[in-house]
Amino acid sequence: MNSNIKILRSLLQELRRVSHNKTTKDNAMLQYIMEQAHTHKETSEVLCKAREELKSLAEMYLCYLKSQQACKEIHRQYSGKGERSIKETADLVGFKLPHDPK
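Positions 1 to 102 (UniProt numbering) are the ones given, in order, by the sequence shown.
Be aware that a few hints might be false.
With a cut-off of at most 20 Å between alpha-carbon atoms, the simulated DMTMM-like pairs for lysine to aspartate or glutamate come out as follows [said to hold, decoys possible]:
| hint | residue 1 | residue 2 |
| --- | --- | --- |
| 1 | Lys66 | Glu14 |
| 2 | Lys6 | Glu53 |
| 3 | Lys55 | Glu14 |
| 4 | Lys6 | Glu35 |
| 5 | Lys72 | Glu14 |
| 6 | Lys96 | Glu83 |
| 7 | Lys6 | Glu52 |
| 8 | Lys55 | Glu35 |
| 9 | Lys6 | Glu59 |
The calculated label-pair distances, taken between Cβ atoms and stated as ranges, are [as the list claims (entries may be wrong)]:
| hint | residue 1 | residue 2 | range |
| --- | --- | --- | --- |
| 10 | Ile74 | Phe95 | 15 to 21 Å |
| 11 | Met60 | Arg16 | 15 to 21 Å |
| 12 | Gln77 | Gln36 | 32 to 38 Å |
| 13 | Cys71 | His38 | 28 to 34 Å |
| 14 | Ile86 | Tyr32 | 48 to 54 Å |
| 15 | Asp91 | Gln36 | 44 to 50 Å |
| 16 | Leu92 | Glu59 | 32 to 38 Å |
| 17 | His75 | Ser10 | 19 to 25 Å |
I should point out that these hints are in silico values taken from the structure, not numbers from a laboratory. Each residue gets a CB set at the ideal place from its N, CA and C atoms; glycine is no exception.
With the sequences and hints as input, model every part of the structure.
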């Protein structure tokens, strides 16, 4: 149960990061996820198979959102900005120029 709450919180945090609407009330995506989480809540009488499906789907979406954020960061860092100096290019790939101290 605790891991499900962690996944849900992480997913909501990532969605807030990429969303234009920061509040839960204005964001239909966040409301839908919360509604689905409450719908598939495990009770003592029923062990719902869909709960595991929801957990794996939430983990998949969380992975997708984090990967998308990492991709944007990598693209921002390494995208072409026109001509670069030799020093900037060497720093970008992790090399040192011969006159730099080791």
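Going down the list of hints, with the structure as the test:
1. Lys66 to Glu14: 7 Å, holds
2. Lys6 to Glu53: 16 Å, holds
3. Lys55 to Glu14: Measuring from Cα to Cα gives roughly 16 Å; hence the hint holds.
4. Lys6 to Glu35: 17 Å, holds
5. Lys72 to Glu14: Given pair lysine 72, glutamate 14 holds - Cα atoms ~14 Å apart, limit 20 Å.
6. Lys96 to Glu83: Holds, at about 19 Å.
7. Lys6 to Glu52: Status holds; Cα separation ~14 Å.
8. Lys55 to Glu35: 14 Å, holds
9. Lys6 to Glu59: 10 Å, holds
10. Ile74 to Phe95: 15 to 21 Å: 19 Å, holds
11. Met60 to Arg16: 15 to 21 Å: Given a distance of about 19 Å, which is inside 15 to 21 Å, the answer is holds.
12. Gln77 to Gln36: 32 to 38 Å: 35 Å, holds
13. Cys71 to His38: 28 to 34 Å: Given range 28 to 34 Å: holds, Cβ gap about 32 Å.
14. Ile86 to Tyr32: 48 to 54 Å: Holds, since isoleucine 86 and tyrosine 32 (Cβ atoms, about 51 Å apart) stay within the stated range.
15. Asp91 to Gln36: 44 to 50 Å: 46 Å, holds
16. Leu92 to Glu59: 32 to 38 Å: The hint (32 to 38 Å, Cβ to Cβ) holds, given that leucine 92 and glutamate 59 are roughly 34 Å apart.
17. His75 to Ser10: 19 to 25 Å: 23 Å, holds
Every hint, counting from the list given before, is met by this structure.
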